[in-house]
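Trainee: Residue-level listing of the chains:
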Amino acid sequence: MRIGIDVGGTNTDSVLIEGTRIVKKSKTTTTEDITSGVRNSLIEILPSSVKDLGLDAVMIGTTHFTNALLQRNKLAKTASLRLCLPATQMLPPMVDWPEDIKASVKGYTYLVDGGFEFDGREISTLNDSQIRKAAHDMASNGVEALAISGIFSSVDSSQEQTAAQIIREETPHIRISMSHEIGRVGVLERENATILNACLSTTSESVVGAFREAVDGLGLGSTLFLTQNDGTLMDADFATKYPVYSISSGPTNSMRGAAFLTGIQNAIVADIGGTSTDVGILRNGFPRESTVAVEVGGVRTNFRMPDVLSIALGGGSIVTTSPIVIGPESVGLQLTERSLLFGGSIMTATDIAAAAGLVDIGDKSLLSNISKVDVDKALKMMNYMTEEVIDRLKFSSDDIPVILVGGGHFLIGNKLKGASEILRPENGEIANAIGAAIAQIGGQSESIYSLTEMSREEAVSTATDEAVKRAVSAGADPKTVIVVELEEIPLTYLPSNAIRVRVKVVGNIPDIS
Amino acid sequence: MWQVTEEDLISISIGAGILGTGGGGNPYIGMLRARETIRQFGPVKVLSTDDLKETDKIVCVGGIGAPTVGIEKVRGKQSYDALVALEDHLDVKATALISNEIGGSNSLEPLIPAAISGLPVVDADGMGRAFPEFQMKTFFVYGVPYAPMAIADEKGNVAIIPKALTSKWVERIARSITIQMGSVACYALAPMTATQVRDTAVKNSLTLSKRLGESVRNANKTKSDPINAMLKVNPGKVLYQGKISSLQRKTTQGFARGEVTVDGSGDFMGTVMTIEFQNENLIARIEDEVVCVVPDLISIVDSERGEPITTELLRYGFRVTVLGFPAPDLWTTVEGLQVVGPSCFGYEVDYTPLDLT
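First to last, the sequence lines map onto chains Y and G. Using the numbering used here, read the first sequence as starting at 55 and increasing by one per residue. Using the numbering used here, read the second sequence as starting at 280 and increasing by one per residue.
If you're looking for bench data, these hints aren't it; they were derived computationally from the structure. Remember, predicted model here, so these are calculated numbers, not experimental data. Note that beta-carbon positions come from the ideal geometry of N, C-alpha and C, so glycine has one too. It is possible that part of the hints are untrue.
[Said to hold, decoys possible] Restricting the straight-line Cα-Cα distance to at most 16 Å, the calculated cross-link-like pairs of lysine to aspartate or glutamate (EDC-like) are:
id, chain 1, residue 1, chain 2, residue 2
1, G, K529, Y, E511
2, G, K500, Y, D445
3, G, K500, Y, E511
4, G, K502, Y, E442
5, G, K502, Y, E511
6, G, K502, Y, D445
[To be verified] Computed list of chain G residues with no C-beta within reach of chain Y, every gap over 12 Å:
id, residue
7, R354
8, H368
9, L592
10, L635
[As the list claims (entries may be wrong)] Output of the computed footprint for chain G on chain Y, the stretches with three or more beta carbons under 8 Å from beta carbons of chain G:
id, stretch
11, 84-95
12, 139-149
All chains, full assembly: derive it from the sequences and hints.
Mentor: Okay, structure coming up:
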């Protein structure tokens, strides 16, 4: 038995799965404190006694961090410290960030001496007093989180660690993310991902803590996992430190869930939630991954991520009339208090759908002030927004099946330009939770191998064996483990050729296979 | 005459990536550097080779080093420092700058010192594509002096090579200096005259890269096929389509060498293409048959979006289209092939021009 939970901005969905059978599901409202919402959701699917449940794991997927970035919401006041001078100063940290997100994280940047050459020589030695001075400046600016990125920290991480130690001595309260733990070679993209991680670090503690409280409070006593952007799982401690890895796990889960529910392996999947709609392409049952640098909230990173476009359209999107504007603001988890249907004063996309008779919730008599013209215009606008994003994802003019999942699927009509058919699978409103419940266990290894002692093939197979071993020890069924990523990077110009090999494998938890 | 604006930089960097045939460094970084410089100093004037005056002193600037390093230790204004060092050494002032290679980030390199110093750039370059070695420039094949040369790093070091026996010697010495500088540096070369540029440069290449980039961007905007759009701007052919199934790399003697294997799809199903690269893609074979070889251009692009993929960004699983374009005429002469023909890269095959049918 496994439990998959999707904690969205508006709804929390849970599903209890045995093998491939959906035993029980629930949909509840996400609460401000998160804990009680997850708890409520779990109570609905759990039998009266959890003792004999035989629960293997609880997997949580959350769009919390993605939404925080999209809405520029509750982002920590973040600084970026780059260990680099005199190199790389023409392109300072956040040089390619959109102004609005830069402004919302404040974006204090500090360039100091440091960094390594590709061969491990220092570009310059760390300057203790420069770093302490930067720390004081951060403290006086009220900086809450810091990203430390050193040139070639992937070759030698010691400077990043020393710099972090110095900063901790001066300002112990600042949460620190180090780039060598986040990304790979390519300083701008790695630094960007590290800054994103840092600006999420204040919320990650409270959010993951809230998940743990809910699960432990019910005496489930099983391992808590969060899903990552590649569809694999990470444990709760890891997730607290690396919230950025959960970015885009929502779309991955909903696409995997949509494939599971429909049996369709190639389609567009649109997941319409309370705050946003994520649209991606399924290819052979897996999300198509982007081959180019991926933007998160307009920021370029070098993560391997599903090729997903997000728009601020969801059940809670605020609708204003004359002219019709939908979103980007959403009432989010206050839908059942602030929307017209529930006696509130704010017109939402859900109010529009209810007025059109597309969904039957709340008190329709409260919608009498919405004119039919506005309802038609708003519905048309929502379809148009979805068609636009589908069109941007497609690379040929051929029509393709469109699977609508998520709690807000009723916002979209039955005709969309570019769609060969529109499917709304049963249980599609909890596709996210299902995708989380069927998530796989991953294993990674990364090491440097000297090719004077072994062949390239031996190096690759040694690295692969290690990754497989890790996946299996984390609970993967050895028979199902496959290599999903294999990267070899030449390390030096030395005559004794050395390569860095990075392998990633995934496998199923035994009862799923 | 036209002006390079911030908007043009995106198109040029895409086009330069295609002409870069996998090498020449990450055009995105070059684009950002040029953008930051143009934002600070203003747009850069582009002169056609016909606009040049006989009194002009045209200096070629470029980056040298390993692309894998260049995406981590990103360059700054080293090419400006190299230009100034060269001017001081020779006691002359440059009147225009020219790119050494249109492929990759080097296409944009002259824009940085040009914006800083207020000089124009010439719509031409010394390769019409990208090549891994310094001596592989049309300028040198047709008699332009290759020394003195100034090299600058980001730390403030400058080296001058006042004299060298051959351009190959300049390459050897410059590469050793570059490795000591941390594998990323920029250089400036002895000034050329207008006649030398007209006779020995690949012309209109900045305009070509801009138009190639625009064709890809427009195709993506209008949902039409970016591959066709590119082939209309720059005649060539689709050599292969498929998925990357294996990748082998090693860095030897200062170059990222390797081989990428593509499993065919569509018309190419059931066959395998292998492409060998030394910074740039050099030879493409379907099974054992050579279908395109240097100096003709072999470009790997994303099958769906048409965007170029440089060798350091190649990864297992990518869906790619491999394009072939004919080399500029200056390269397919006897003299040209002696410098950049297949044998210069260790391939025992004769150069046969790309079959466009």
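Trainee: All hints are to be evaluated individually against the structure, with a verdict given for each.
Mentor: The hints, checked one at a time:
For the proposed pair K529(G) and E511(Y), the alpha carbon gap of about 13 Å is at most 16 Å, so the pair holds. Restraint check: the Cα-Cα separation between K500(G) and D445(Y) comes to about 10 Å, which is no more than 16 Å; the hinted pair holds. At roughly 42 Å between alpha-carbon atoms, K500(G) and E511(Y) are farther apart than 16 Å, so this suggested pair is violated. Taken as a hint, the K502(G) and E442(Y) pair is honoured in the structure, with Cα atoms around 12 Å apart against an allowance of 16 Å.
Of the supplied pair hints, the one linking K502(G) and E511(Y) is violated, its CA atoms being roughly 41 Å apart against a limit of 16 Å. At roughly 8 Å between alpha-carbon atoms, K502(G) and D445(Y) fall within 16 Å of each other, so this suggested pair holds. A beta-carbon of chain Y is positioned within 12 Å of the beta-carbon of R354(G); the least distance is around 7 Å. Annotated as non-interface, H368(G) keeps its C-beta farther than 12 Å from every C-beta of chain Y; the closest such distance is 22 Å.
Here L592(G) does not stay apart from chain Y, with its beta-carbon only about 8 Å from theirs, under the 12 Å limit. Residue-level check passed: L635(G) sits 25 Å from the nearest beta carbon of chain Y, beyond 12 Å. For the stretch 84-95 of chain Y, the proposed coverage by chain G is not satisfied: 0 residues have a C-beta within less than 8 Å of a C-beta in that chain, short of the threshold of three. Residues of the stretch 139-149 of chain Y with a Cβ under 8 Å from some Cβ of chain G number 7, which satisfies the need for three, so the listed coverage holds.
Figure legend: structure checked against the earlier numbered hints; hints not met, in rising order: 3, 5, 7, 9, 11.
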